[in-house]
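The C-terminal residue of the sequence shown carries number 421 in the UniProt record's numbering, and the numbering is unbroken.
Incorrect hints may appear among the rest.
[To be verified] Listed next, the in silico DSS-like pairs over lysine-lysine satisfying Cα-Cα at most 30 Å (straight line):
1) K402 / K194
2) K24 / K227
3) K24 / K248
4) K213 / K114
5) K248 / K213
Please keep in mind that the hints were generated in silico from the structure rather than gathered at the bench.
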Amino acid sequence: MALIVHKYGGTSMGSPERIRNVAKRVAKWARAGHQMVVVPSAMSGETNRLLGLASELAPNSPKTSYYRELDMLAATGEQASSALLAIALQAEGMESVSYAGWQVPVRTDSSFTKARIESIDDARVRADLEAGRVVIVTGFQGIDPDGNITTLGRGGSDTSAVAVAAAMKAAECLIYTDVDGVYTTDPRVVAAAKRLTTVSFEEMLEMASLGSKVLQIRSVEFAGKYKVPMRVLSSFTPWDIDLEEEAKSGTLITFEEDEKMEKAVVSGIAFNRGEAKISVLGVPDTPGVAAAILGPVADANIEVDVIIQNISKEGKTDFSFTVSQGDYQRAMDLLREKVVPALGAAEVVGNPNIAKVSIVGIGMRSHVGVASTMFRALSKENVNIQMISTSEIKTSVVIDEKYLELAVRALHTAFGLDKSE
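Given these sequences and hints, build the entire structure.
The following block contains the structure:
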């Protein structure tokens, strides 16, 4: 039998009854002879509740010490759900023990609210597994070199689970969610969206980075770096479903590409509503101007996505890029106060209501005309493209947010993703 890691999302842990069902499912796998490590999220809504309380009490100008306390607070959500799951497993007759990230320990850097995992000491967990216990490790959190509790950012429990699976060389990491796999696009936007039985690691990485909410991008990066086999499946199937059937359900993220996968030119349509566009106008067209604009933005820990520099006219150019909506105002203020005066640029303008829509597929490598099909489909619906970004297996466009769902539906049909296999 194998060492298996299960990860359960907040919805799966949302009530005592759901936690009881998770315990029954985990116990089923353990009774089949598998060594089980479980990484649960906080109960649904709990992290938002805690952070909401913090925002009511927050100082006007938060410092690093405030973000330290945010992590201290937010980490308690996973600690509670882990202990509750351990208790539910004990009620099932299973020996179990829960650990907070700092007890394992999961070592991270000191970037509060978005720390990165640096190492995991699995000795304590292995000792418990050898003693026949199910081990529950809190997701989303770790400990920095100074002994402070840190958290990994939204969706960080996915990353925790994959990191634990990598450190322990688990046979597979099963990510249980409220959906039964990875779809061609969000079924709430396109009713005809289809579940993918397999998706390549490269495609999943692109989809996660482009707005697919099924997996956090850092968890996919971890899986790719350490070749961790991952499967996305539903926690709402009956807990007593046949184990062999369950082990083959959902969507497998695979590292092996086959001919069948490459025949599908586009595997999925990803989108992200939470983006904003910023343009610095009248920038001197000289070497180093991009670094002069984006350097201070990066120093402020603001991530930049699509970047375009226009053709120079009379020694001046316009420089546009996208950031998350949450960073929009901070980036605008930074550029107006520091970058524009230093560069002698004309002005900064922005649009906080844009969206990014992307087509993704490893088959794009060997097929021509994919981008033109995309642009034709959008043109037919009178959707104006503001920015374009491409890579080997994806093409992304930035459009007005109000056209997002129309664009996704049009592209899903244009690439034949509505059709049954």
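Here is what the structure says about each hint:
Between K402 and K194 the alpha-carbon distance is near 24 Å, which keeps this suggested pair within the 30 Å criterion. Using a Cα cut-off of 30 Å, the hinted pair K24 and K227 holds, with the two alpha carbons roughly 29 Å apart. Between K24 and K248, the direct Cα distance comes to roughly 19 Å. Compliance with the 30 Å bound is thereby established for this hinted pair. Restraint check for K213 and K114: satisfied, since their Cα atoms lie roughly 17 Å apart, inside the 30 Å limit.
Distance restraint check for K248 and K213: the Cα-Cα separation of roughly 22 Å lies within the 30 Å cut-off, and the hinted pair is therefore satisfied.
Violated hints for the displayed structure: none, as all numbered hints are satisfied.
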